[in-house]
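Student: Build out the structure end to end from the sequences listed, making use of the hints.
In case you want the letters, here they are:
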Amino acid sequence: MEAFTRLDAKAAPLPLANIDTDQIIPKQFLKTVERAGLAKGLFYEYRFDQQGREIPDFVLNQPAYKGAGVLVAGDNFGCGSSREHAPWALMDFGIRCVISTSFADIFYNNCFQNGLLPVVLKAEEVQQLMDEARGGNHVVSVDLETQTVTSPSGAVFTFEIDPKRKAKMLKGLDAIGETLEAAPAIDTYEMKRALAQPWLEGA
Amino acid sequence: MPPMPGKTLYDKIWDAHVVAEQDGEAILYIDLHLIHEVTTPQAFAGLRANRRPVRRPDRTLAVADHNVPTEGQELGVDAVADEEARLQLQTLGKNVADYGIEFFPMGDIRNGIVHVVGPEQGRTQPGMTIVCGDSHTSTHGAFGALAHGIGTSEVEHVLATQTLRQKKAKNFRVRIEGEPAPGVGAKDFALAVIGEIGTAGGTGYVIEYAGSAVRALSMEGRMTLCNLTIEGGARAGLVAPDETTFEYLKGRPASPKGGAWEMALSYWKTFFTDEDAAFDREIVLDAAKIAPTVTWGTSPEDVVAVTGVVPSPDSFATPDKRASAARALQYMGLSAGQPITEATVDVVFIGSCTNSRIEDLRSAAKIAAKALEGGRKVAEGVRAMVVPGSGLVRAQAEEEGLDEIFKAAGFEWREPGCSMCLGMNPDKLTPGQRCASTSNRNFEGRQGRDGRTHLMSPAMAAAAAIAGHIADVRDYL
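Sequence lines, in order, name chains A and B.
Read in the working numbering, the first sequence has 86 at position 84, and its numbers run on one by one without any break.
Read in the working numbering, the second sequence has 331 at position 316, and its numbers run on one by one without any break.
Check each hint, because a few of them may be wrong.
Just the calculated beta-carbon pair ranges, DEER-fashion [to be verified]:
{"id": "1", "chain 1": "B", "residue 1": "Arg342", "chain 2": "A", "residue 2": "Thr150", "range": "29 to 35 Å"}
{"id": "2", "chain 1": "B", "residue 1": "Glu290", "chain 2": "A", "residue 2": "Ile163", "range": "33 to 39 Å"}
{"id": "3", "chain 1": "A", "residue 1": "Glu162", "chain 2": "B", "residue 2": "Pro446", "range": "41 to 47 Å"}
{"id": "4", "chain 1": "B", "residue 1": "Gly266", "chain 2": "A", "residue 2": "Asp51", "range": "51 to 57 Å"}
Now the stretches of chain B that chain A is said to cover, found in silico as 3 or more residues with beta-carbon under 8 Å [unchecked claim]:
{"id": "5", "segment": "363-372"}
{"id": "6", "segment": "456-462"}
{"id": "7", "segment": "465-473"}
{"id": "8", "segment": "476-487"}
Note that these hints are calculated values from the structure, not bench results.
Just so it is clear, the structure is predicted and the values come from calculations on it, not from any experiment.
Glycine included, C-beta positions come from ideal geometry on N, C-alpha and C.
Tutor: Right, dumping it as structure tokens:
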């Protein structure tokens with residue numbers, strides 16, 4: 003997993019609520035056996051019309067937002083399916099941080115497996131970032147160490163994050179290796195369960 | 016010392032599965048891992064790259080459901096026309112063979128939608144922890160199992176360790192009391208709950224459904240209710256097991272037999288919420304006040320009684336919600352104030368992990384049979400399809416003659432799979448088509464680019480097929 007420490011990047015505003023994972027990466031792009039290369043499908047139906055032509059109005063198609071690394075979105079971002087292709091596509095496109103008032107649980111969780119930082123701010127803070135991101139200067143700074151977002155005009159907002167998740171993200175640690183260190187505890191649990199619920203063994 | 020506070024059903028399942036705990040994060044043991052072709056290839060690739068084995072192939076079960084075509088399945092995977100889908104299906108076949116995982120391939124009568132197959136096989140049992148790389152894993156909560164969707168990194172984690180790292184969620188109880196009106200059932204309950212709490216209302220919670228109307232539901236109904244829990248933002252829904260649950264489980268292929276059945280039964284009966292347990296949030300709905308319910312917009316919270324009208328974007332509280340509602344109306348081709356029954360349909364889809372079980376097919380077939388009696392069929396110009404949730408559901412329905420009723424009334428009778436719920440296979444809407452659908456998501460493009468989805472119950476979808484527009488099922492009973 004890629005580590006996340008600090009990011010200075012253009013922020014693109016996406017002022018819609020309930021942006022679901024079908025919007026982030028439509029189903030036709032899920033038929034892959036790879037993790038890489040999903041940027042082409044990101045927000046596909048927002049970015050391209052039925053003939054596959056770019057829709058110039060869409061924020062990520064506007065030259066001013068080319069290379070954006072941060073998305074500022076409406077409430078309940080990432081609702082819907084569990085597809086990890088959503089964070090994969092965002093990362094592949096170059097988005098490293100999404101800021102919203104809330105995130106759907108599964109998406110939020112998936113972000114931390116991939117070094118994509120989901121930041122929850124208050125409604126008025128998200129609104130201010132949204133407004134500033136629409137302006138001429140829309141570069142924001144996101145610092146995970148200090149848990150702050152600095153707006154283009156210099157306003158500083160702090161955000162909460164689970165300390166354990168933060169530590170893993172800062173170092174880019176893999177969860178499986180860590181869990182496997184607890185293998186003796188898993189062995190013990192399985193032995194006890196085999197005695198208490200024998201019908202689940204050797205199925 | 017004060018007495019220990021009571022535990023909720025969720026607390027009990029959680030406590031029974033904690034392997035280790037550190038800094039508020041638990042390593043939770045997983046009893047059953049269901050897998051399918053779409054969310055696993057990268058997980059197996061990860062295992063291979065790190066030379067890690069699958070810890071418990073015996074606690075893992077694989078099906079092929081998302082990508083499969085719903086006709087010609089006997090021709091086998093190599094005949095699947097879509098090259099990428101075929102590769103994904105073949106990859107699953109190779110992965111399960113390499114790691115010794117039980118697999119019901121496409122065409123096997125036991126194959127079908129993962130959330131239909133698990134319960135049908137008796138794999139899903141009370142008190143279990145169950146995960147799958149699919150958000151509708153919440154379905155299995157109908158048995159009093161803690162079940163939820165996970166991402167592909169977590170699929171890899173479960174394959175390697177048979178555990179998941181989790182933080183405990185909060186407890187939310189939804190009580191539905193009283194007796195529903197005829198024509199109103201689990202789907203209407205679920206849509207009414209989402210309409211009440213919103214699509215983010217359950218975020219951070221596990222929802223336990225309780226109350227007399229929930230107790231009165233069959234296992235199929237409970238699965239529909241728990242299935243849609245994720246659309247209200249909660250990863251898992253639960254119904255405490257009872258005689259209905261045990262009756263359903265008895266004699267299933269993977270259910271315990273003989274002495275083990277009695278042993279399992281006494282274990283399962285420990286999974287209920289104590290009377291003095293506390294919930295972080297609770298709501299109560301009156302079943303009698305719930306009408307047949309449909310969605311008007313592009314989020315499952317956009318619900319309206321079938322007797323109601325399309326709302327105005329101005330009626331929403333926040334700017335982002337107003338923007339989303341305005342966009343939804345435009346996308347759906349509807350205008351504020353319009354009665355929802357004015358929406359004419361092009362396609363009717365009866366199927367998906369929400370509503371493709373035998374009871375769902377029976378309730379739709381009843382409407383079709385009634386229409387036939389009155390000399391009516393599927394309205395002209397409407398394509399109506401019925402897609403059973405598994406090969407076994409299909410066989411059962413055929414034994415009961417439901418397929419004949421559907422076909423006589425002008426419905427297509429198809430082979431099992433996720434089908435048009437998510438349009439990852441040949442079953443899709445074309446741009447602008449409007450669909451009465453028994454599935455779970457009315458998101459933009461979900462059933463096909465620029466397709467317009469209205470969620471509703473199987474009986475309501477059947478009524479829409481006959482009427483040619485969204486219709487009140489109570490006029491078709």
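Student: Run every hint past the structure and note whether it holds.
Tutor: Hints, verified against the model:
no. : hint                               : in the structure
1   : B:Arg342 with A:Thr150: 29 to 35 Å : holds (32 Å)
2   : B:Glu290 with A:Ile163: 33 to 39 Å : holds (37 Å)
3   : A:Glu162 with B:Pro446: 41 to 47 Å : holds (42 Å)
4   : B:Gly266 with A:Asp51: 51 to 57 Å  : holds (54 Å)
5   : 363-372                            : violated (count 0)
6   : 456-462                            : holds (count 5)
7   : 465-473                            : violated (count 1)
8   : 476-487                            : violated (count 0)
Figure legend: structure checked against the earlier numbered hints; hints not met, in rising order: 5, 7, 8.
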